[in-house]
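Work out the full structure, taking the sequences as your base and the hints as a guide.
There are 4 protein chains.
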Amino acid sequence: MYPKSIQKLIELFRKFPTIGPRTASRFVFYLLKLPSSEVVQLLAAIQQLKQLVKLCAWCFDPFEVKEDEANTGLCSICRDPSRDKTLLCVVEKESDLEALEKTKSYTGLYFILGGNVGQLKKEDLQNIRVEELKARLKAQNPKEVILATNLTTEGETTALYLERVLQPLGVEIKRLGRGLPIGSELEYADEETLRQALAARR
Amino acid sequence: MYPKSIQKLIELFRKFPTIGPRTASRFVFYLLKLPSSEVVQLLAAIQQLKQLVKLCAWCFDPFEVKEDEANTGLCSICRDPSRDKTLLCVVEKESDLEALEKTKSYTGLYFILGGNVGQLKKEDLQNIRVEELKARLKAQNPKEVILATNLTTEGETTALYLERVLQPLGVEIKRLGRGLPIGSELEYADEETLRQALAARR
Amino acid sequence: MYPKSIQKLIELFRKFPTIGPRTASRFVFYLLKLPSSEVVQLLAAIQQLKQLVKLCAWCFDPFEVKEDEANTGLCSICRDPSRDKTLLCVVEKESDLEALEKTKSYTGLYFILGGNVGQLKKEDLQNIRVEELKARLKAQNPKEVILATNLTTEGETTALYLERVLQPLGVEIKRLGRGLPIGSELEYADEETLRQALAARR
Amino acid sequence: MYPKSIQKLIELFRKFPTIGPRTASRFVFYLLKLPSSEVVQLLAAIQQLKQLVKLCAWCFDPFEVKEDEANTGLCSICRDPSRDKTLLCVVEKESDLEALEKTKSYTGLYFILGGNVGQLKKEDLQNIRVEELKARLKAQNPKEVILATNLTTEGETTALYLERVLQPLGVEIKRLGRGLPIGSELEYADEETLRQALAARR
Numbered sequence: 328m329y330p331k332s333i334q335k336l337i338e339l340f341r342k343f344p345t346i347g348p349r350t351a352s353r354f355v356f357y358l359l360k361l362p363s364s365e366v367v368q369l370l371a372a373i374q375q376l377k378q379l380v381k382l383c384a385w386c387f388d389p390f391e392v393k394e395d396e397a398n399t400g401l402c403s404i405c406r407d408p409s410r411d412k413t414l415l416c417v418v419e420k421e422s423d424l425e426a427l428e429k430t431k432s433y434t435g436l437y438f439i440l441g442g443n444v445g446q447l448k449k450e451d452l453q454n455i456r457v458e459e460l461k462a463r464l465k466a467q468n469p470k471e472v473i474l475a476t477n478l479t480t481e482g483e484t485t486a487l488y489l490e491r492v493l494q495p496l497g498v499e500i501k502r503l504g505r506g507l508p509i510g511s512e513l514e515y516a517d518e519e520t521l522r523q524a525l526a527a528r529r
Numbered sequence: 328m329y330p331k332s333i334q335k336l337i338e339l340f341r342k343f344p345t346i347g348p349r350t351a352s353r354f355v356f357y358l359l360k361l362p363s364s365e366v367v368q369l370l371a372a373i374q375q376l377k378q379l380v381k382l383c384a385w386c387f388d389p390f391e392v393k394e395d396e397a398n399t400g401l402c403s404i405c406r407d408p409s410r411d412k413t414l415l416c417v418v419e420k421e422s423d424l425e426a427l428e429k430t431k432s433y434t435g436l437y438f439i440l441g442g443n444v445g446q447l448k449k450e451d452l453q454n455i456r457v458e459e460l461k462a463r464l465k466a467q468n469p470k471e472v473i474l475a476t477n478l479t480t481e482g483e484t485t486a487l488y489l490e491r492v493l494q495p496l497g498v499e500i501k502r503l504g505r506g507l508p509i510g511s512e513l514e515y516a517d518e519e520t521l522r523q524a525l526a527a528r529r
Numbered sequence: 328m329y330p331k332s333i334q335k336l337i338e339l340f341r342k343f344p345t346i347g348p349r350t351a352s353r354f355v356f357y358l359l360k361l362p363s364s365e366v367v368q369l370l371a372a373i374q375q376l377k378q379l380v381k382l383c384a385w386c387f388d389p390f391e392v393k394e395d396e397a398n399t400g401l402c403s404i405c406r407d408p409s410r411d412k413t414l415l416c417v418v419e420k421e422s423d424l425e426a427l428e429k430t431k432s433y434t435g436l437y438f439i440l441g442g443n444v445g446q447l448k449k450e451d452l453q454n455i456r457v458e459e460l461k462a463r464l465k466a467q468n469p470k471e472v473i474l475a476t477n478l479t480t481e482g483e484t485t486a487l488y489l490e491r492v493l494q495p496l497g498v499e500i501k502r503l504g505r506g507l508p509i510g511s512e513l514e515y516a517d518e519e520t521l522r523q524a525l526a527a528r529r
Numbered sequence: 328m329y330p331k332s333i334q335k336l337i338e339l340f341r342k343f344p345t346i347g348p349r350t351a352s353r354f355v356f357y358l359l360k361l362p363s364s365e366v367v368q369l370l371a372a373i374q375q376l377k378q379l380v381k382l383c384a385w386c387f388d389p390f391e392v393k394e395d396e397a398n399t400g401l402c403s404i405c406r407d408p409s410r411d412k413t414l415l416c417v418v419e420k421e422s423d424l425e426a427l428e429k430t431k432s433y434t435g436l437y438f439i440l441g442g443n444v445g446q447l448k449k450e451d452l453q454n455i456r457v458e459e460l461k462a463r464l465k466a467q468n469p470k471e472v473i474l475a476t477n478l479t480t481e482g483e484t485t486a487l488y489l490e491r492v493l494q495p496l497g498v499e500i501k502r503l504g505r506g507l508p509i510g511s512e513l514e515y516a517d518e519e520t521l522r523q524a525l526a527a528r529r
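Residue numbers (the numbering used here), protein chains in the order written: chain A, 328 to 529; chain B, 328 to 529; chain C, 328 to 529; chain D, 328 to 529.
Everything labelled a hint here was simulated from the structure, so no lab data went into it.
None of these values were measured; they are calculated from a predicted model.
There is no bait here: all hints are sound.
If several chains are the same, the list does not tell them apart, and a pair holds so long as it fits within one copy or across any two.
Cross-link-like lysine-lysine pairs, in silico, DSBU-like; alpha carbons within 35 Å at most:
#1 K342 with K431
#2 K331 with K461
#3 K360 with K381
#4 K331 with K470
#5 K360 with K393
#6 K331 with K393
#7 K335 with K431
#8 K412 with K470
#9 K501 with K431
#10 K360 with K449
Right, dumping it as structure tokens:
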């Protein structure tokens, strides 16, 4: 058994996403060997993260406060006047937004749900920003909302749930195109994907 | 080293698709243990395959000669009067046809290329049935051809090559829909697939 | 669904070790494309295997009949006068014998059990050549028997079972050395292997 | 692109063992969502690690200073009077010591090298505590030293190097037992491991 201070930190690192006990203990030994100056740097970077980064008031993507010179409370995408305000893309989390930005082919705005509705249990529904999304739609009034949740069971359930919630608002609701991904082979594609690919042929 | 008769058969089994030396030798020991009656059964089944199965004159899918009572030279799909003759789906190989049939959502006819054009080298072009496809199009005269090659580099090259070859024939040419497959997550999708999914939103 | 002759052969190939339905069907399409001359070659090789190869009367390893000019009924290892007859190594199957021969560091004789005792059920016990092994020991009268079964649960159970059966015969019984394999790291070794490696340090 | 404070912390997390860019960014979003109280807890745990944990003066395993009431500068294993001082087990790193302790079958003392000699380059040799090991041997004067480095190329090279360095000291040097690990199959074992397993049969 490792000493308490080590055990304590291993447990905290185990809560980090994807980290098991073995990697958590490697993190601790890494820190033990790290020169004090670099540990200080790490501690400072974590503290600064909490001090300098805020969530955007519109889309909930994190942004650096000091870059928001006019003190709008908005991230750089939401502040950008060249983005198309008639489009709103709803994603589950920050890295999904980042993935879509990397394609350089979407010019509208985003909204981060902060998760998905999971099994549609009461506590799952509180996991995502539904009221904030409704308020956002009223304020932005886009022509089209793209529900870009993952194509997992949880993501699909989330999109169906949001479709029902947003319907009364009268906005056009779309989903990302389904079909065969680049590099795929028909023989290994699942039936439903093939069915979608046949239906969406063009 | 195994005895010659074993070594010989191992080498023949190694030519089977996906089979390495270890599995090939396991096949031989499997046959050595198999009762003679079952070996006879296997040999008969291989011989019958070559005797009873022919390639369809239209689509090149293998079919059982004796089921073709009217001696049409056609497989059961091509013989089926209820299939939609205005549609022709071009695939690389038999198992791709089988995968599309399993979706139960395609009602047209097929054409099996017998491979792909690979790197577009001269010998690669002889790998696929281009002349047969052109003759088939003239005979069937479908309204729409679906180039359902794989979304791999070789499959895409094949589709581009066929598009160029078939253009003078004036038929409408389509491809399978691209996009996110069922079960996928945005974060792990490649950029091109995301781009296609955005373009094909609906 | 594939035609009957294809379906039949797919089912026979599915019985081959490690082969699932997809690979089995690829085997059939491979054979359909194969020139008739090569199919004839394959059929001949399978027939010759059953005609030319016999199991050694002593160790049950397969050998080529025609190489056994003196008609001893023995494989080349058992016929080899330079092999050490005071040692007998008992293995589960042919490929284990082959693996040990490749080390070029064992000079004794072998005995192939033909399997393992599995869960020690009655039918499992009939899976292995126990009576043949006892007869062999009486005939060869080696000084040392090495029970070289796998270190899996089934292999270990088989070794324990054989130890009990062979004890009355008064021969010295050994097992292969346990410990850390080449290339391994302590951190990823299981506890029992580490315990054995500590006990067997030298 | 993420804002600077996020990018900075992603880069620091990427230096953690086994962590790539995607996981590093997931760490940052995890911290952004974490309540401030838990971030404070994490920062405190990292600071305490550096303040409360020291490396043992004998074996270099980290230990909690406050548990060392008599202020010996030694970890709990080195302080334990019941451990066998005639045995010294030399390992590459902390987690190797932990793995051996879990077997509960080693009762001697340890020495952590802090790495391995890699390719035996000059800078690699400074990676490990050779002088400290020699000093330790003179102070402890054990009967037996177990060089329990990994069985990787680097670990083997390290053991060979240490054997040469320690030989003049006249202590008995042993290595961990090599052979087949629990659960292994002969067919898949590498030749050298099988050779060792044959040599170490018992």
